[in-house]
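Number of protein chains: 2
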Amino acid sequence: MSHLFDWKEERNLSLLVDFYELTMGNGYLYNGVGDKIVYFDMYFRRVPDGGGFCIMAGLQQLIEYLKNLKFSEDDILYLKNKGLFNDDFINYLRDFKFSCDVWAIPEGTPVFPNEPLVIVRGPAIQAQFIETMVLLTINHQTLIATKANRIVRAADGRTVMEFGSRRAQGYDGAIFGARAAYIGGCDSTACTIAEKMFGIPAVGTMAHSWVQLFDSELEAFRAWARTYPNNCLLLVDTYNVLKSGIPNAIKVFNEELVPLGIRPKGIRIDSGDIKYLTEKSREMLDEAGFPDCKIVVSNSLDEYIIRDVILQGAKIDSFGVGERLITAKSEPVFGGVYKLVAIEENNEIKPKIKISENEEKITNPGFKQIYRLYDKKTNKAIADLITLADEIIDESKPLEIFHPIHTWKRKTLTNFKAKKLLTKILDKGQVVYDCPNVTDIKTYCKEQISTLWDEVLRFENPHKYYVDLSSKLWSTKHNLLTKHNIHFR
Amino acid sequence: MSHLFDWKEERNLSLLVDFYELTMGNGYLYNGVGDKIVYFDMYFRRVPDGGGFCIMAGLQQLIEYLKNLKFSEDDILYLKNKGLFNDDFINYLRDFKFSCDVWAIPEGTPVFPNEPLVIVRGPAIQAQFIETMVLLTINHQTLIATKANRIVRAADGRTVMEFGSRRAQGYDGAIFGARAAYIGGCDSTACTIAEKMFGIPAVGTMAHSWVQLFDSELEAFRAWARTYPNNCLLLVDTYNVLKSGIPNAIKVFNEELVPLGIRPKGIRIDSGDIKYLTEKSREMLDEAGFPDCKIVVSNSLDEYIIRDVILQGAKIDSFGVGERLITAKSEPVFGGVYKLVAIEENNEIKPKIKISENEEKITNPGFKQIYRLYDKKTNKAIADLITLADEIIDESKPLEIFHPIHTWKRKTLTNFKAKKLLTKILDKGQVVYDCPNVTDIKTYCKEQISTLWDEVLRFENPHKYYVDLSSKLWSTKHNLLTKHNIHFR
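As you go down the protein sequences, you meet chains A and B in turn.
Numbering follows the working numbering, with no gaps: position 126 of the first sequence is 1271.
Numbering follows the working numbering, with no gaps: position 355 of the second sequence is 1500.
Bear in mind the hints are in silico, worked out from the structure with no lab data behind them.
Keep in mind that this is a model prediction, so the values were computed, not measured.
There's no promise every hint is true.
[Stated by the list, open to error] In the DMTMM-like style, the derived pairs of lysine to aspartate or glutamate whose C-alpha atoms are separated by at most 20 Å in a straight line are: (1) A/1499 with B/1360; (2) B/1212 with B/1240; (3) A/1181 with B/1360; (4) B/1181 with A/1364; (5) A/1556 with A/1600; (6) A/1497 with B/1360.
All chains should be built: construct the whole structure from the sequences, respecting the hints.
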């Protein structure tokens, strides 16, 4: 498929906002702070499934939303009818022009807790308004890309196909879920529209209903082989895999394909004990002269089952992964948050902090940048350093980094390179970033993951990658905490 | 809000299909069975979270999809470019006219495992094509309506607000999730667009960022009270609930509202120990002369936490429930399936069965109806009886029902009434059903739940509601199983 189609449809999702973003917007305007320049960070606090990192995803959809953000007459009428908002606010929305600056980490990048994935700078009323959509868009796709990557790593080089549309949480769950799964490393999807929209290879052959619709399994297989001689992959578990499905498949391969000099593509098993059935099926297919016939399995798979059956020696070439990928079933919530971190006053950036009795919930104040620090010799990522936005890392000098809480834990880096993770995406509301296509994002993702140590990639209890604060940012935070400590204990 | 808006946007979701629906459709046509009349059942096998029942939801969106099903030139071009489909099939899609009959259980109805929620009768190529969208639409909303109902029952009469958009799995997850949550019993939503689209009350006040944007919490509260004197609900946990938030709220209520003769609406707590903080806050508000000031809590709530804090005596008037509702976090997959159950041959309906070594996965064959049987005296639902579609229940005679597996477990009903659950929705592709508005569905849902025994409503280990097969259906199934048993053991 080289021919790609644009996502032309224009959906009006402008009012996909939490209602408080409207009441606050109206209130900011009423209190004369609507145009005050503020900074919000979108970040997350922990990696789902106890993993070592997440995969940033969803930026393209966020950009599309921001680029098109405006209010229809319908929207305005609806808001007026609420009887809650001042005319000034209604008029502001009618003439709305998005004017924020936005920075973000490119899709496909491995990201870690407490790192701003998206930074929004702009008038309070606007930066506040987009809270829900920033979170919803990034939370969803990052969740699925992260889960997909775990599954793909478990499959250890075998093909992984995303099969979950029917169990997704809504249409976008299926469509953008397929996109995120592909970024995270899946090879293809069953979701046809995802190929049309994004060029992700769509695959699929038959369901049990195909087999049932014919008078016998054998006839159903024959009909398939005659329709798709070059794509002959048969679902063999409608009645009984080893007593009926595989023998019938072999018969049809021999009768319909071999005389034409065509090799069968494979068989699929969607139920029963995967380990036992694939071992036996492999033996039967090999003996029958089809060692090149692939074995595809599906049926409630995830990274844990995949790892287990591979360890047990199951003979599988390809996994179709459905509901547990598309909903990230083991942990279906990505807890990204969107917090005010600074305001501008008299042309100065004034850092703000949100304090909590729970230390983990305390924000990193200020307008920031993230540097990923690589060892020049191994090309492996050593640590990420969150700095204030105007800080510059001098690669020619040793760099001391330290644990943000246990500050006596220190490390001095030499022979490193520093790469900025946050890129400008919108400048005063105008898009200044070219979204790569999903295949390039997927490739980039794989490359980036290869810079992580194995210890960080481990499924369970991975090494905690260092995400440190620069001295300047650490002091900024510490000073604000000290100033506010009157409220604690 | 009485002014409602239509969901005018037309989304082209025609290719939101699993790719195998296309390869099978093409194959059916090629093998001369494309127009064979088939019956598919959509049903589920178990209730999420170990609950006693589910709430049917999503039908309106399914109808909208089926009503508008057609293929754009873009769609056709994409499919042609795949190089896999015959011209006959491409032309069939170009001239596509949906002509299936569809029956369904109305939204808001409590439903049980193995009951067909949707039945599709029509040409194989069409009935197969819509598989993904039937499943995706009903699976998603039924999952969320069911979860919401658990949460609402746990809240035991207190208000429940759906607050989950930012953590939903995609935009539709937020929007249709809010719809399903409302059907399941939530009182309102934070998702603004859900009010515009469906008339679900949208609510919300302020985030922590409001408080942070002003020089002090006190000033932030003052500004709010002046902006919204009649809607003064303050978020009190930005710094410290009991030492700062509540005292400042009381001060502002006294200074800004009392002189105007206005009562405050409430306070919201979004962190910390709910039980302790609400008890103390209640005391402080009562002492200050605001016993009518409501206490709203949010922060990772679900039915278990809500039940627990209520049991412990927490003083809460209203719950804002987010991520755990909108993703059905504890069990985020609704496992609906879509199975071929009959074909028509020589104008006769020929039941089909899908056999599995797992007894639970064996389908109920044939074209069916479901009767809900009510005790006339108590008006409580006693059992559901799945019958062949042409069976009639004579309410004037005793009716013997029996367990579908342990057939010696029998019960004879007298003085009962029988209500058909499946209603015709589309007739030869034309909609013949008027979707009620969501508020009516919500009311209907509540009424229907009141016909269930408390034993079925229990959260954990509920009584298993009887879902039996009529003698005729049971025999049909048994005969087919006997015929096929050659494959087993």
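Verification of the supplied hints:
no. : hint               : verdict
1   : A/1499 with B/1360 : 13 Å, holds
2   : B/1212 with B/1240 : 15 Å, holds
3   : A/1181 with B/1360 : 13 Å, holds
4   : B/1181 with A/1364 : 16 Å, holds
5   : A/1556 with A/1600 : 18 Å, holds
6   : A/1497 with B/1360 : 10 Å, holds
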